[in-house]
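Produce the complete structure using the sequences and hints provided.
Those protein sequence lines, which keep their order, are chains A and B. In short: position in the first sequence from 1, add 383, done, that's my numbering. In short: position in the second sequence from 1, add 50, done, that's my numbering.
Bear in mind the hints are in silico, worked out from the structure with no lab data behind them. Be aware that one or more of the hints could be misleading.
To be verified - Reference listing, derived: stretches of chain B covered by chain A, where coverage requires no fewer than 3 residues with Cβ under 8 Å from a Cβ of chain A:
no.	stretch
1	148–156
2	179–191
3	226–235
4	250–264
5	346–359
In this text, a Cβ means the ideal position worked out from N, Cα and C, and glycines have one as well.
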Amino acid sequence: MPSWSDFEPFIVSGLALGGVYALSGVGLVVLYRATGVLYLAFGAVGAMGALTAWSLGQAGAPGWLTWLVCIAVAAAITLAYGVLFGPALAKRDPLVKAVATIGLTLILYGLMDLLWTTSGGEARSLTLPSDNGGFSVGQIQVNWTQVIALGAGVVLTVGTGLFLRFTKLGTAMRAMANDREITATLGVPVRRVEAAAWLGCGVLAGIAGLLLADLVALDATTLTFLVISSLAAVLIARLRSITITFVAAIVIGLLHDLLTPITSLTNYRDMTPFVLAAAALLVMPRSQVMAQSREEA
Amino acid sequence: MGADLSLRNTADRRTSRRRPARPQLIKIATITVLLLFVLFGFPQLLSLYYIDTMTQVAVYSMVTLALGVLVGWVGLVSLGQVAVLAIGAWVAARLLFATTQPYPVVLLEAGLITMVAGVLIGLPALRLRGLYLALITLMFAGAITVVLATLNFPNGGHGFTGYNGSLVHIPPIRRPSIASSDPAYFRYSVIVAILMFLLVLAHTKTKPGRAWAAIRQSEPAALAAGINTTLYKLWAFALASFITGVAGGVLAGAVHYLYSIGFPTQDSITLLAVTLMGGVYSMWGAVVAALLYQFLPALLNNWGVSADWLTILFGLGVLQVLTTAPAGLAIEIVEEAHPPPASRLQNNLTRMGHCLAPWLSSLVSCPKPNTSS
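Put into structure tokens, the structure is as follows:
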């Protein structure tokens, strides 16, 4: 059994990872509540943005421009998908809407593999300048990227909560989560509100892609499927509460990294989201889910 | 209502006992001729490269068949079917190295063990709505990739895992003695696949098929009609896992050597894409899907075209299938395009569901859920 000091650095990296999962999870929940779409391409658009940013960086573009491009690419793809396919699928089952985003995932995945081929064994990396600076808490080194990651998770969760409660657009999104038809009847421009939700989700996907490319790896497959961790958090929150999403995401990130020094479990740490989500499903009462499905019917 | 339903059931059964009508005979004859051609013509006509490819098509047609049952008949979506296939292949490989049991016995055992694993995974999610199953199976696929990367596929070593990293001469996974050559093993795979198709046919034509159709139409209505929805969903999931497990066993012999990188998470979602493109309401859809999934890449590989184009094509295919919903290709039911055997029962259930749904939902949702977040 490793000693406490072995765990210390992983607390920081785990919290940073959890922060990014949290901001991804919040993006997913808000989009799901507003449009009924569980956006499975979240990781793929982030990866697309990050890889585009990498290419720009290689071409000599300044750092801040590449970060903006990363976010813009993810936001643009997400918005385009939402505007093109959102209305066509608006009245379908949430399952159909989620499966449709798998189509987008595959398109992006194929494109990324074509444009940034991995077979050459060329390792890419995206580093933010905030990696270099930092401070230490006791024995633990903390770099600014980790602070930004956790900070972004906290700020965006709180910010989104406030946005949904106090702004007109946020109120409209909450209304649409309850009933799209009635909201439309009351004069809310539902398509514009949905487009706003798509755009917001896309921006978050871009930010998450940028941070994860730095914190984890710049690799199309890894980034595309890191969304699984956020999905686990979203599932534990039953696709509704952003507070529970935040807590679950932090726990998943933290637990994942804290397993690293334990030799017998370190290889299995990537199973954390699955194990936690399955455990959450076991204790989830059926009645609540049936009630929810009526709401969405 | 209940009496009415049971009367209709007996009527259905009586008609199905009658001698098959002429068009049906023609259909059966056509299929038989086609199968005979595949079994005896293909090995004569095709090069070894394409015979191997067609063996893979036979294997994956079982997997897409299983996924098609879930998606098309019950309305469940699994995003982790390749992970289930990997479990089947792992179990079969382990048994083939450890024992001298005949191949069909190993296939059966692989299927049954995979079935147990599938049921354990599906059980928590099957009580809930479909979206949860899709999510948990996607996570499962990711988790299995992790486990396989650590555990590795058996390569003739000892112990539970059967893996020995320091082996120099890795023995190939054995094939049945009657089908050791590639053409013979191709025939063997096709015959196993036919058996699996018949197994599914036996389910869809009888009580489980009707129960599944009712669940797909409306779960509350099926519940109201006295169908044990969790049991039948679990049954479908168990059947799909069994078939996929058997397919894994056939795959083990087909390729001789198994590697954990051969079962990545993304393959599970590609598999769902091709299954949807092939069509989930007809068993031919499974064959079409398997051809898309295995034959097209082999063809493109032969022409020197990157398989990434295919991934993009599959992505576009999913979007096209789901948005324009061509007959029999989408998840949602197009009643006119696809009257399944239980269509009359289904119509009744839908009608009943419309009457009962408001009442039922008021029953299950006592506290109004808080929707403020």
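Against the structure, the hints:
{"no.": "1", "hint": "148–156", "verdict": "violated (count 0)"}
{"no.": "2", "hint": "179–191", "verdict": "holds (count 10)"}
{"no.": "3", "hint": "226–235", "verdict": "violated (count 0)"}
{"no.": "4", "hint": "250–264", "verdict": "violated (count 0)"}
{"no.": "5", "hint": "346–359", "verdict": "holds (count 3)"}
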